[in-house]
Amino acid sequence: MSDSPEMGLEIEDPGNPNVREDGRYCWVCFATDDDDALALWVQPCKCSGTTKWVHQVCLQRWVDEKQKGNSLKCVVCPQCQTEYIIVFPNMGPMVNFLEVVDTLIKRLSPFLAAGVVVGSLYWTAVTYGAITILQVVGHKEGLSVMENSDPLVLLIGLPAIPVGLVLGKMIRWEDAILRFLQNR
1 MSDSPEMGLE IEDPGNPNVR EDGRYCWVCF ATDDDDALAL WVQPCKCSGT TKWVHQVCLQ
61 RWVDEKQKGN SLKCVVCPQC QTEYIIVFPN MGPMVNFLEV VDTLIKRLSP FLAAGVVVGS
121 LYWTAVTYGA ITILQVVGHK EGLSVMENSD PLVLLIGLPA IPVGLVLGKM IRWEDAILRF
181 LQNR
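Position one of the sequence shown corresponds to residue 1 (UniProt numbering), numbered consecutively onward.
Hints are computed from structural coordinates only; laboratory data are not their basis. Note that the structure is a prediction, hence the values are computed from the model and not measured. Check the hints yourself; a few may be wrong.
[As the list claims (entries may be wrong)] Label-pair ranges, simulated between beta-carbon atoms:
#	residue 1	residue 2	range
1	L165	N96	47 to 57 Å
2	M94	F30	55 to 65 Å
3	Y122	M94	35 to 45 Å
4	E99	D36	52 to 62 Å
5	V137	R184	32 to 42 Å
6	R184	S149	33 to 43 Å
7	E147	V117	47 to 57 Å
8	C80	K106	29 to 39 Å
9	L178	G119	33 to 43 Å
10	H139	M94	27 to 37 Å
11	I171	V137	18 to 28 Å
12	R184	V117	39 to 49 Å
[Said to hold, decoys possible] Calculated pairs, PhoX-like style, for lysine-lysine (alpha carbon to alpha carbon, straight line, at most 25 Å):
#	residue 1	residue 2
13	K46	K106
14	K52	K106
15	K106	K140
16	K52	K68
17	K66	K46
18	K169	K140
19	K52	K66
20	K52	K73
For every residue, glycine included, the Cβ atom is placed at its ideal position computed from N, Cα and C.
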């Protein structure tokens, strides 16, 4: 038996004549020794009997499926609940840096996407408001009104124009005004 550098597991050499054949089968793919005589068998946990054996390749694939891309997620044996200790080879500072960058991007990307959507909606509303002023007042007068206005008023007022127009169509404000006038 030897240690696997990839997962820190005991590996049994299929060509070793001292290996005791006791009906091993892989609990992942359900293959036996007869199905694949060259496969490496491992005992990754405290299970006993035939459930303690698994192909190294099958176990690695099963662990990858359980981790779902998160190499820091703990994986345990489904039978005995022993936590698998996975030892990765040292990849160097560049890979560690890329892992940090990848994690940072995963955390920031939803906020960046929301910012782009909100910014796009805001810019669309500002543009629509400016075009509305130019269409209603006229090109020269509209430009002079916007050039002489306070920038804060433009930043708030221009996007409020399309919002007000949409709300004016959605809310039945005419009925409320008519009821108010009739009750007077």
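Do the hints match the structure? See the list:
no. : hint                    : verdict
1   : L165 - N96: 47 to 57 Å  : holds, 53 Å
2   : M94 - F30: 55 to 65 Å   : violated, 40 Å
3   : Y122 - M94: 35 to 45 Å  : holds, 39 Å
4   : E99 - D36: 52 to 62 Å   : violated, 34 Å
5   : V137 - R184: 32 to 42 Å : holds, 34 Å
6   : R184 - S149: 33 to 43 Å : holds, 37 Å
7   : E147 - V117: 47 to 57 Å : violated, 30 Å
8   : C80 - K106: 29 to 39 Å  : holds, 33 Å
9   : L178 - G119: 33 to 43 Å : holds, 40 Å
10  : H139 - M94: 27 to 37 Å  : violated, 57 Å
11  : I171 - V137: 18 to 28 Å : holds, 25 Å
12  : R184 - V117: 39 to 49 Å : holds, 45 Å
13  : K46 - K106              : violated, 36 Å
14  : K52 - K106              : violated, 37 Å
15  : K106 - K140             : violated, 48 Å
16  : K52 - K68               : holds, 24 Å
17  : K66 - K46               : holds, 19 Å
18  : K169 - K140             : violated, 29 Å
19  : K52 - K66               : holds, 19 Å
20  : K52 - K73               : holds, 22 Å
Taken one by one, the earlier hints fail for this structure at numbers 2, 4, 7, 10, 13, 14, 15, 18, listed in ascending order.
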